[in-house]
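Asks: Could you slot chain B onto chain A? The hints should help.
There are 2 protein chains.
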Amino acid sequence: MQELIDYIKEYGTVLPHDVLKVDAFLNHQVNAQLMKHVGEEFAHRFAGEKIDHVWTVESSGIAPALMTALALDVLMIFARKHQSLTLKHDMYTAKAYSYTKQTTNNISISKKYVTPGENVLLIDDFMANGQAVNVMLEIAKTAGVHVVGVGIVIEKSFQPGGKKLREQGLRVESLAKIKSLADGKVSFVEE
Amino acid sequence: MQELIDYIKEYGTVLPHDVLKVDAFLNHQVNAQLMKHVGEEFAHRFAGEKIDHVWTVESSGIAPALMTALALDVLMIFARKHQSLTLKHDMYTAKAYSYTKQTTNNISISKKYVTPGENVLLIDDFMANGQAVNVMLEIAKTAGVHVVGVGIVIEKSFQPGGKKLREQGLRVESLAKIKSLADGKVSFVEE
Chain A
3 MQELIDYIKE YGTVLPHDVL KVDAFLNHQV NAQLMKHVGE EFAHRFAGEK
53 IDHVWTVESS GIAPALMTAL ALDVLMIFAR KHQSLTLKHD MYTAKAYSYT
103 KQTTNNISIS KKYVTPGENV LLIDDFMANG QAVNVMLEIA KTAGVHVVGV
153 GIVIEKSFQP GGKKLREQGL RVESLAKIKS LADGKVSFVE E
Chain B
3 MQELIDYIKE YGTVLPHDVL KVDAFLNHQV NAQLMKHVGE EFAHRFAGEK
53 IDHVWTVESS GIAPALMTAL ALDVLMIFAR KHQSLTLKHD MYTAKAYSYT
103 KQTTNNISIS KKYVTPGENV LLIDDFMANG QAVNVMLEIA KTAGVHVVGV
153 GIVIEKSFQP GGKKLREQGL RVESLAKIKS LADGKVSFVE E
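Top to bottom, those sequences are chains A and B. The numbering of the first sequence is this note's numbering, which starts it at 3 and goes up by one. The numbering of the second sequence is this note's numbering, which starts it at 3 and goes up by one.
Hints were generated in silico from the structure; no laboratory data involved. Note that CB positions come from ideal geometry on N, CA and C, so glycine has one too. It cannot be assumed that every hint is accurate.
To give an idea of the interface, some chain A residues facing chain B are shown, with a C-beta separation under 8 Å as derived from the structure [said to hold, decoys possible]:
1. A34
2. S61
3. A71
4. L77
5. M78
Covered stretches of chain B (in silico footprint by chain A; criterion: 3 or more residues with CB under 8 Å from a CB of chain A, positions within the stretch not fixed) [to be verified]:
6. 32-45
7. 66-75
Okay, chain A solo, but in the shape it has when bound (with noise of 0.2 Å):
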């Protein structure tokens, strides 16, 4: 998606161990005209799916699956994370472990809003390892939801969870994917 390449290329900056910093316009400062075209891009290339619900996970996954749901208009679920300990019976809960801040979150989502074998798109901001997703995945599977595919906003290519996700026949759509921030150079994939 060139717009979101451009805003890349003029807003985002390379911090050591790869880092991609874009919080002047997706997950701090957020740039609602640029969400509404990545949600319209989103509905446009899963557009010969039926979609029930999207999902995704706070916070920074908020604003594109919101206008992907705007889009599609279908209703969108954020799931929440937590530390508490202590399991509910009526939510769908999976662990999540975050290598940027090196802790265990529950992520949840209520059972009151999911519906077995209804069809699920996840949505997130950005895909490295893929955490994020796997944990939806796993939600998804204990609650015998299909899941259409993923679209992610930004991919790190170079980094090994968009490849997993593929390899496991998930379709995959990512509006920018980036090949390297090897001297803290962007340099996109070509398509």
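Replies: Relative to the frame of chain A, chain B by itself:
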């Protein structure tokens, strides 16, 4: 806002200790069409004001704030919650105490995206004691930013947050005002 009040009547549930659960359309499962109308309503109510930025606090504020920013055609910032003790010099930070979780969080906004003298509209999903809004006000004061007003999706008018803000001379626009949740029944302030 009648559409919102209808949603609360149809999908809201009252839990003990005056908790109004609206996770069917606002803060877990999210109705994107409703959020778009919420954003348009805030933009309409604050139409006479010059607004440079919409601010909110993650996570539940993001959906209404994003749609407000879309309608106003300005950038949105969601302040980050974190527990780290080390303050960063490139962030404005204030402390927030959560009554529900009984924890203290730091709430931060990057200085990079704040311009002294600019006009900011604060948006949040709920107001009870006004914690989240007070934290944003504290950051705005430190940063020398002018707060044009506060937009709240659901205000619990029987708790003191909104009254205190209005007494300070702040303009607070709430799209649904809850008068009482007594006996498990939602009643609204008549306007």
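Asks: Need the list of violated hint numbers for this structure, in ascending order.
Replies: Violated hints: none; all satisfied.
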